[in-house]
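Novice: One line per chain: the protein sequences are A and B, in this order.
Take 6 as the starting number for the first sequence in the working numbering and just add one per residue.
Take 701 as the starting number for the second sequence in the working numbering and just add one per residue.
Treat the hints with caution; some may be incorrect.
With a cut-off of at most 27 Å between alpha-carbon atoms, the simulated DSSO-like pairs for lysine-lysine come out as follows [to be verified]:
(1) A:K205 x B:K769
(2) B:K815 x A:K110
(3) B:K1043 x B:K951
In short, the hints are calculated from the structure, not lab data.
Keep in mind the model is a prediction, meaning the values are calculated, not measured.
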Amino acid sequence: MAGVIPINVRRTNQNKARERTLQTSKVIPIFLTAIALIFFILMLIVPLVSVFVKAFEQGAGLYYAAISDPIAFKAIKLTLITISIVVPINTVFGLIAAWAIAKFKFKGKNLLITFIDLPFAISPVVAGLIFVLLFSTSYGLFAPLLNAWGIKIIFAPAGIVLATLFVTLPFVARELIPLMEAQGTSEEEAALTLGASGFKTFLFITLPNIKWALIYSIMLTAARAAGEFGAVSVVSGHIRGLTNTVPLHVEILYNEYKFSAAFAVASLLTVIAIINVIIKNIADWKIKQQTKI
Amino acid sequence: MSIEISNITKTFDSFKALNNIHLKINTGELVALLGPSGSGKTTLLRIIAGLERADGGSIIFDGKDNTKKTTQDRKVGFVFQHYALFKHMTVFENIAFGLKVRPSKLRPSKEEINKKVHELLALVKMEELAKRYPSQLSGGQRQRIALARALVVEPKVLLLDEPFGALDAKVRKDLRRWLRKLHDKYPITSVFVTHDQEEALDVADRIVILNQGKIEQIGTPEEVYDNPVNPFVYNFLGNVNLFHGRVHKGKAEFGSLKLDVPEHLEARDRQVVSYTRPHDIEICLEAQGHEFIAAEIIFIRAIGPIVNLEMKRVDNGEYIEAEISKENYRNLKLKLGQIVYVKPRDFRIFIPEDYVI
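Pulled out of the complex, with its shape left as it was, chain A reads as follows (with noise of 0.2 Å):
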């Protein structure tokens, strides 16, 4: 008996499944999925197990020394500090821009939206030059007061940490806002009837409900930060173990025909991309599984 119903299960599954599905034949599917898979191995599986190839090409000894090295490991110095500078403020920062724009009704919301998305129109290089121009202690507009204050930003790492805060500013409040405004203002509403403070209501309710988002944008922002290469280089000066990050550290070792500590230290940032791409799925799966009613 037990033989007899699945064969009547699997045949109504597949009058249904050819009702839903476009009625070609099986050799299209398989070839633009094998298009896209073939497309998906070229550009982007080859040049990432390369990186690895390449780093340990040498021995895992002068992997471990490219890492190790004392410059290299003032680099991912600087690089960590300013992850640990620029991704709690631009969390906090975006956190509040998206909890103000989703939640409220102002004027001059859409001006808001439209200065988030500032760093992403613009060119990072362009970034970095908008931070000399300011900061410049030669000729800066800010030059005098600076100079009067002994204060160095630009070829410091202060205008490092400057323009990263620029680049990474919109990955936040970019990702949490259309979360937000899908939710609504429904369950704070219902919080604020049941007695709950303005905080209690944030803490409780909204932030349970964007955590995963929050989580991911905040990997998002750290990545960024880790990699911004373009804004960066222009206020660094390249000053090494001063003012070089992990990517301009990079960029030298290659331009000195270093290729495989290079591809080394490269490798560090492609793991964060990696791990990040982990959470990214992680986070889509449950903040699928949240917005379910």
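Dock chain B against chain A, hints included.
Specialist: Chain B alone, transformed into the frame defined by chain A:
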């Protein structure tokens, strides 16, 4: 707790949502705000809850001005149309939320919260679902949890925004009976918004009919149904037949139909409209004087105890709807295409200049 709504006005951009609303809701009453979409009923409910701010006027709870109080301080229970349950919390946590977020001095102990939540779960008959998430519940169950969640803080006022609007017909009927019973047992002052006249007539102690930001009529279900003050209310509460005609010195003329209307003795050749409910249409097989109109039966629906008839007037081609008992229908032996004589048993005449419809 009584609610007094005084002179409330609200404008969205250029749209006047509410215009000088005055309304007093007595302690323990169950009041329906009834109106078509865009009539301002939900806006009024949200203003009572403090979720929306009025441009002018005041909201008074038990004689105390609440206009400037925040939603949290008003202590109202609010049930949302789409439930607004906390998706990431279980049923239990949803209901417990109102108690858990109290400042630590006022917060009940864990055992007390537990007891109270189970009390409410029993009240809405959902004890076995405490550990479920909202996404695992049906619409009717979600709405009952939303109600339990609102009641946990023991509000003095319960506000319900289209509470049964998103449910299917059968569940809707069961739930509104249940709400009525619940209110009889625990008479919290309640206001609910609906666009469904049947729901309002079925559940409410009093009905407030809103249209375009204004109150058209306030009264018990019988009052508003039997004595609508104007054509809008007549139209909105159930089906009506419309007759266009003239009134002159107490005599009304609607095509071949002539009626005495003593209340319009002073009228001089005025255009009027008359309203009659389908169940107030009398049907005869033969004409008897001037009070009858000849009409042809064009549609019969004889399902259930009430038979619906659609007829076309012979004199001017206007349609008339009638509802008669099955017994009467059998006695008259009505058939499609038959010519019958129709008379409005009970009707009201409005002079349209007073009202724009």
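Novice: Now tell me if each hint is right for this structure.
Specialist: A quick look at each hint next to the structure:
no. : hint             : in the structure
1   : A:K205 x B:K769  : 18 Å, holds
2   : B:K815 x A:K110  : 40 Å, violated
3   : B:K1043 x B:K951 : 16 Å, holds
In summary, the structure is inconsistent with hint 2 from the numbered list given earlier, while agreeing with all the others.
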